[in-house]
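Note that the protein sequences, when read in sequence, are chains B and R. So for the first sequence, this note's numbering puts the first residue at 5; every next one is plus one. So for the second sequence, this note's numbering puts the first residue at 698; every next one is plus one.
Worth double-checking, as some hints may not be accurate.
[Said to hold, decoys possible] In silico SDA-like pairs for lysine to any residue, Cα to Cα no more than 25 Å straight-line:
no., chain 1, residue 1, chain 2, residue 2
1, B, 150, R, 845
2, B, 28, R, 845
3, B, 150, R, 806
4, R, 717, B, 104
5, B, 28, R, 855
6, B, 150, R, 804
7, R, 717, B, 143
8, B, 201, B, 123
9, B, 28, R, 981
10, R, 807, B, 50
11, B, 199, B, 78
12, B, 150, R, 904
13, B, 150, R, 981
14, B, 66, R, 853
15, R, 717, B, 50
16, B, 201, R, 974
17, B, 28, R, 804
18, B, 201, R, 972
[Stated by the list, open to error] Far from chain B, some chain R residues (derived; all Cβ distances over 12 Å):
no., residue
19, 731
20, 747
21, 778
22, 802
23, 805
24, 833
25, 901
26, 917
27, 938
28, 977
29, 979
30, 1001
31, 1020
Keep in mind the hints are simulated off the structure, nothing from the lab. If you're wondering where the values come from, they're calculated on a predicted model, not measured in any experiment. Every residue, glycine too, gets a C-beta built ideally from N, C-alpha and C.
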Amino acid sequence: MPADTPCFEARNLTRAFGHGARRKVAVDDATFTIAEREIVSLVGQSGCGKSVLAKLLLRLEKPSSGELLYQGRPIAESGDPRAYWRHVQAVFQDPYAAFNQFFTIRAQLKACFRLFDQRPPEREMEDRIDQALLAVNLRPRELDGKYPFELSGGQMQRLLLARIFILRPRVLIADEPTSMVDACSRAGILEYLMKLKQELSMTIVFVTHDIGLAYYVSDRLFILHEGRIVEQGTPDDVTQRPTSPFTRQLLDDIPSVHRPWVTRA
Amino acid sequence: MAAILEVDDLRLHYLTRLGKRVQAVDGVSFQLQPGEILGIAGESGCGKTTLVSGLMGLLMPPLHLTSGAVRIAGRDILRLPPAEVRRSVLGRDIAMIPQGALNSLNPTRKVRDLATDVILAHDEGADRRAIQDRLRERFTRIGLEADAVLNAYPVQLPAGMKQRVVIGISTLLNPRIVIADEPSSALDVSSQKAVIQLLFNLLDEGIVSSMVFITHELPLLRHVAGRIAVMYAGQIVEIGTTEQVIFDGRQPYTRALMGSMLSAEPGQKSRKPVAIEGAPPNLGEPISGCRFAVRCPVAQSDCAQREQVLREVAGRHVRCHHAR
Ligand SMILES: Nc1ncnc2c1ncn2[C@@H]1O[C@H](COP(=O)(O)OP(=O)(O)OP(=O)(O)O)[C@@H](O)[C@H]1O
Ligand SMILES: Nc1ncnc2c1ncn2[C@@H]1O[C@H](COP(=O)(O)OP(=O)(O)O)[C@@H](O)[C@H]1O
Ligand code: SF4
Ligand SMILES: [Mg+2]
Ligand SMILES: [Mg+2]
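Please build the complete structure, drawing on both the sequences and the hints.
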């Protein structure tokens, strides 16, 4: 693979559901590249196609038409899906659904190691789990013997991120990873994620409605509207010189402490 | 004016399967006035959702009342029999929009049927026709397209609309107080705006009187709440007007929280949001001294020993004996 082969490359990528009058084009003719080690955020209103695009990248959906390449090869041909997921990992939107409520948290974190070809020795697994938990501001000992339902929403979401810190994938697709995490922990998680990104040369795709977060962490933003990428650019270009009316709308709707927003009658 | 809701030194704990006690709410007091929106912010796991269970009188194992009281219009709801709480408190005195409410609607039934159930549950003999008129009138009044929405199944609605429907249904019985636990955190900014607009409509139309609004999104609180309580490790560490707390916080944790806000405004990218090192204390162990001491950037030698109490500083209440 040549050195400058992008991590992902999409040409006229389309994913539609249903037929005839009920046909819904969730991702519509998307063309883009995401370089190795780049951080790209997909931003847009709900239903605009972010999660479907994320699932295409994760090989959890198949394109209806168009092409999607991972490291220069069509995703569908890049071998065993399990091998693919060793490279490309995800954090999903709904933390409540992501963990099995019947197993302890620790047991489920340990199960992460099954994705690896070689399971590290017990001691090393324990250490790596503890490190990952500390990175997301959770106390390892406090979780001993606990089940997912014994955690708050934000703690569960942080647990999902701890999984990533254990798995250390090459590519991370994170769908709204911090929507329930408070501002302080979020800043901490982002800091750690950036460190990890440096260390592992990770490529990250953030799916988020949080332009503040996207602006802060990304190299580039993709703005989606009704399945189409209506704008791509650097955070500064997109937020300060938006060219699409949909981008402008999104920016207007963000609550800021410094300017008026929704007001009461 | 008499407070509509009074929380008096409330303490709540979980008893875990291993017999451990997690003191998730540890001495919370505040009052809610008619017409007011009180915001609650704080690190995840600090006890916000647990507090909500207490405010609703929803004390079911593993959650238990340690001590304290929650009074709505003078009536202590934590000492009512559970059946009475369900019959006369929930939905009427106080209604909740739970965290993760988006998935709380039964997907196999139409919105119309779900809403009808709520009314029938409180008034078995209600006339079916009259209910339908009432639903149409209410949904229209709060700004929803009544016919389209009522005939839809929850899965057919986009997330933002679903959340507005949850709110519409939860407030059908005109509760005096609405408690919203992260009602818009899972939504995009435009849907978030619509949800907040809907909550404001409920107040302006006199359908509900007061609100408690819990969120991690501080910029949102700035626009929604009149007063803000900041929680840390099961306690309120600062409570004051929105202006005081957001722009002039005096408690070190409040200041850290405000300092970690991210925003897409020009020049912000070079500003590094401050993360606080370390984790909050384990609520399953006894804690002495200031709960924030090990992480506090301005802690002094006496902080770790000294129990902190709320005291008045610059017109608001702060739990930090060094705050000025
Ligand atoms: N069923 C349970 N058993 C034991 N401990 C619990 C249980 N549910 C919650 N806890 C603990 O109680 C504390 C408070 O949880 P709570 O859900 O109230 O937090 P929260 O402030 O709402 O957090 P978030 O912002 O993440 O939603 C946490 O430390 C949590 O781990
Ligand atoms: N499995 C599916 N079948 C039919 N429609 C779908 C499916 N998955 C997503 N959609 C539709 O595709 C559009 C984009 O969805 P999604 O990517 O989940 O949006 P978001 O940007 O909020 O993540 C929506 O209109 C959604 O209803
Ligand atoms: S009492 Fe001390 S440690 Fe606690 S918040 Fe105040 S300065 Fe910080
Ligand atoms: Mg989505
Ligand atoms: Mg909560």
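(request) Would you mind confirming whether the straight-line C-alpha gap from residue 28(B) to residue 855(R) stays at or under 25 Å? (result) holds, 14 Å
(request) Measure nothing beyond the straight line between the CA atoms of residue 150(B) and residue 804(R); if it is 25 Å or shorter, mark the hint as holding. (result) violated, 30 Å
(request) Measure nothing beyond the straight line between the CA atoms of residue 66(B) and residue 853(R); if it is 25 Å or shorter, mark the hint as holding. (result) Distance of about 23 Å is within 25 Å: holds.
(message) What's the verdict on residue 717(R) and residue 104(B), does the C-alpha distance respect the 25 Å limit or exceed it?
(response) holds, 22 Å
(request) Would you check whether the claim that residue 747(R) is not at the interface survives, using Cβ distances to chain B and the 12 Å cut-off? (result) At roughly 8 Å from the nearest Cβ of chain B, residue 747(R) sits no farther out than 12 Å, so the non-interface label is violated.
(message) With the threshold set at 25 Å, check whether the alpha-carbon distance from residue 717(R) to residue 143(B) stays at or below it.
(response) holds, 16 Å
(request) Test the statement that residue 833(R) is away from the interface with chain B: the closest C-beta pair must be farther apart than 12 Å. (result) Since the minimum Cβ distance to chain B is about 23 Å, residue 833(R) lies beyond 12 Å and the statement holds.
(message) Check whether the Cα positions of residue 199(B) and residue 78(B) lie no farther apart than 25 Å.
(response) violated, 30 Å
(message) If I take the minimum Cβ distance from residue 731(R) to any residue of chain B, is it greater than 12 Å?
(response) holds, 15 Å
(message) Tell me if the straight-line CA distance from residue 717(R) to residue 50(B) falls inside 25 Å.
(response) violated, 41 Å
(message) Run the distance test for residue 201(B) versus residue 974(R): straight-line Cα separation, threshold 25 Å.
(response) holds, 20 Å
(request) Determine whether the non-interface label on residue 805(R) survives the test: each CB of chain B must be over 12 Å from its CB. (result) holds, 18 Å
Of the hints listed earlier, those the structure fails to meet are numbers 1, 3, 6, 9, 11, 12, 15, 20, 25, 26, 28 and 29, in rising order.
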